[in-house]
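Residue numbers (the numbering used here), protein chains in the order written: chain A, 1 to 134; chain B, 1 to 291; chain C, 1 to 130.
For the record, the hints were derived by calculation from the structure and aren't laboratory data.
It is possible that part of the hints are untrue.
To be verified - Derived pair list, reagent style DSBU-like, types lysine-lysine, alpha-carbon separation capped at 35 Å:
| hint | chain 1 | residue 1 | chain 2 | residue 2 |
| --- | --- | --- | --- | --- |
| 1 | B | Lys145 | B | Lys22 |
| 2 | A | Lys134 | B | Lys75 |
| 3 | B | Lys22 | B | Lys75 |
| 4 | B | Lys145 | A | Lys134 |
| 5 | B | Lys75 | B | Lys145 |
| 6 | B | Lys103 | B | Lys83 |
| 7 | B | Lys262 | B | Lys225 |
| 8 | A | Lys110 | B | Lys145 |
| 9 | B | Lys284 | B | Lys262 |
| 10 | B | Lys22 | B | Lys83 |
| 11 | C | Lys41 | B | Lys284 |
| 12 | B | Lys274 | B | Lys262 |
| 13 | B | Lys225 | B | Lys274 |
| 14 | B | Lys225 | A | Lys110 |
| 15 | B | Lys274 | C | Lys41 |
| 16 | A | Lys134 | B | Lys284 |
| 17 | B | Lys145 | B | Lys83 |
| 18 | A | Lys134 | B | Lys83 |
| 19 | B | Lys167 | B | Lys284 |
| 20 | B | Lys225 | A | Lys134 |
In case you want the letters, here they are:
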Amino acid sequence: MSTTPPDTLPIRTSDDVVFVRQQVRLRAVQAGLGLVDQTKIVTAASELARNTLDYGGGGTVTLSSIDDNGRRGVRLVFEDQGPGIPDIPLALQDGYTTGNGLGLGLSGAKRLSNEFRIESALGGGTRVMIARWK
Amino acid sequence: MPRSTLAVLAQLLADQEASIVKEWLETLSTGGQLQSGRIREPELRTQCTSFLQGLRTALAQDSNDTAAPAFAPVKQLLADISKSRAIQGFSPTETAMFVFSLKQPLVNAINRSELFAANSLAGVVWQVTLLLDTLGLYTMDEYQKSREQVIIRQQREISELSTPVVKLWDGVLALPLIGTLDSERTQVVMENLLQSIVEQGAEIAIIDITGVPTVDTLTAQHLLKTVAAARLMGADCIVSGIRPQIAQTMVHLGLELNVVSKATLADAFAVALKRLNRTVVSLKTDPRQQA
Amino acid sequence: MDRIPILKLGDALLVTIQVDMHDRLATALEEDLTNRIVKHKAHGVLIDISALEIVDSFIGRMLDNIAAVSRVLDADTVVVGMRPAVAITLVELGLSLAGVRTALNVERGMELIRLRHGAAERDVDVDNAS
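Only chain A is shown next, with the shape it has when bound in the complex (with noise of 0.2 Å):
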């Protein structure tokens, strides 16, 4: 079976926003994802759709389909060329925020992956990678 290659998409609204959920859906369907685990993650790319938005500035989001010797998901990867977090342990705890957000979206990202990995530079944008099992 192939798989679906990689696909990269704009945020640059908040319309692209919605267009990345749909996205993630469909893949986390064709990785055979359960209802539950498709709406984890299709909840944390909105979370961060959305950060790279509203802090980054915009940027991009790159959606794979992963197959690892039959473990399969759906890998997403969310760039920007934003200021950058100073502090990213503080930014990945629950409530803190430095615009008017609630506080949960990079926190909340995480605890709805199974992979997550964020680098981020001063000045050098912000890249964050997600990823859910089946």
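Given chain A's structure and the hints, the job is docking chains B and C onto it.
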């Protein structure tokens, strides 16, 4: 052209098949393979004969590399045997003995035979030993794999069986939990309960943990999450059957189940009925007396 | 611009969210609802989210805000029909929507509003009598 040792071995297996099988079967039954009645003599005999024939075919192709395609049929046979042994409840030793107990008969056959020069005997025996050891270990691997599959299947069955959601009354569900709650099982339980709440339009769900041996931080968190998710959907949960030791442990761990809890399932049911404005009354006349 | 329709149902308002919400739509709904509560002197707001496949922190915050605003305007907000998968995900995300009342479906939500409102009116009567 001198034939290779392996080809000669194949010849030997063909010539002496009957006596080797006879001796092998004796060794096996002395070792107790037939005692438990899990396998009968004719079946064991068929397995022995098929294995010898497979081995002979492989050796005739001048190969002693068990990874080579020549050995694929033999390995398939061993995998099948291991699988059935695992399911029949044979111990690992008993399973491995199937191949290992062929050594003696085979070495005896080599000694009896005049196909090998006296000075090459040690080398031949060494080759046979190596080959049978590899195949024996392969049997163990397969046995282990089958056991793991059995365990995984049982785990799944247990988790499905042990999480029934039962309807107590219109709008009242009960989830009697039995056994340890790990993350994976709790997820199944949680989804089952929430799905049933939707399907039955239940406003109240009673989670009874009388059968849960211990409650640690993780279990308590899972319980709280279930209760929180049910509330988001518009249903209330009552936790019942918290045993005294568990109550103590939870307090010691600093866990507070911030939910309605009752000592027994019956108490919880009474609360549920009250919330639904229902009550249980005794009939004025005993139905047994009206006949 | 698209707007989510708000229906009047007795002295309650009913909003059925059927589209994948984008942010402007959510903000508009908050405004519209606030105005309509005042205009119709509504005592309850029912938000039916049974069609929603996800609720992220943005929509969660919108629900929280609507509940808080309606409380100030003396109306109860009841969120109805949340799907199991959505509920599990929200809990994992860390959102409890503590200030929001919930019900299984629109019917139960209406009952809840009537019950609460009826009780509140009785309290007022008792106060007047004494």
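Hints, one by one, checked against the model:
For the proposed pair B:Lys145 and B:Lys22, the alpha carbon gap of about 30 Å is at most 35 Å, so the pair holds. Note on A:Lys134 and B:Lys75: the hinted pairing holds, with a Cα-Cα distance of about 32 Å set against a maximum of 35 Å. With a C-alpha separation of about 22 Å, the suggested pairing of B:Lys22 with B:Lys75 holds against the 35 Å cut-off. Simply put, B:Lys145 and A:Lys134 have alpha-carbon atoms about 22 Å apart, close enough for the 35 Å limit, and the pair holds.
Taking the CA atoms of B:Lys75 and B:Lys145, the gap is about 14 Å. The hint holds against a cut of 35 Å. Restraint check: the Cα-Cα separation between B:Lys103 and B:Lys83 comes to about 22 Å, which is no more than 35 Å; the hinted pair holds. Distance restraint check for B:Lys262 and B:Lys225: the Cα-Cα separation of roughly 18 Å lies within the 35 Å cut-off, and the hinted pair is therefore satisfied. Taking the CA atoms of A:Lys110 and B:Lys145, the gap is about 34 Å. The hint holds against a cut of 35 Å.
Under the criterion of a C-alpha separation no larger than 35 Å, the hint pairing B:Lys284 with B:Lys262 is consistent with the structure, at around 30 Å. The hinted pair formed by B:Lys22 and B:Lys83 meets the criterion: a straight-line CA distance of about 24 Å does not exceed 35 Å. At roughly 50 Å between alpha-carbon atoms, C:Lys41 and B:Lys284 are farther apart than 35 Å, so this suggested pair is violated. This hinted pair checks out: B:Lys274 and B:Lys262 have alpha carbons roughly 14 Å apart, not beyond 35 Å.
A hinted pair counts as satisfied when its Cα atoms are at most 35 Å apart, and B:Lys225 with B:Lys274 qualifies at roughly 25 Å. With a C-alpha separation of about 17 Å, the suggested pair B:Lys225 and A:Lys110 falls inside the 35 Å cut-off, and the hint holds. Of the supplied pair hints, the one linking B:Lys274 and C:Lys41 holds, its CA atoms being roughly 33 Å apart against a limit of 35 Å. Distance restraint check for A:Lys134 and B:Lys284: the Cα-Cα separation of roughly 58 Å exceeds the 35 Å cut-off, and the hinted pair is therefore not satisfied.
For the hint pairing B:Lys145 with B:Lys83, the CA-to-CA distance comes to about 8 Å; that is within 35 Å, so the pair holds. About 27 Å separates the Cα atoms of A:Lys134 and B:Lys83, which keeps this hinted pair within 35 Å; it holds. The hinted pair formed by B:Lys167 and B:Lys284 meets the criterion: a straight-line CA distance of about 27 Å does not exceed 35 Å. The hinted pair formed by B:Lys225 and A:Lys134 meets the criterion: a straight-line CA distance of about 21 Å does not exceed 35 Å.
Going through the hint list in order, the structure does not satisfy hints 11, 16.
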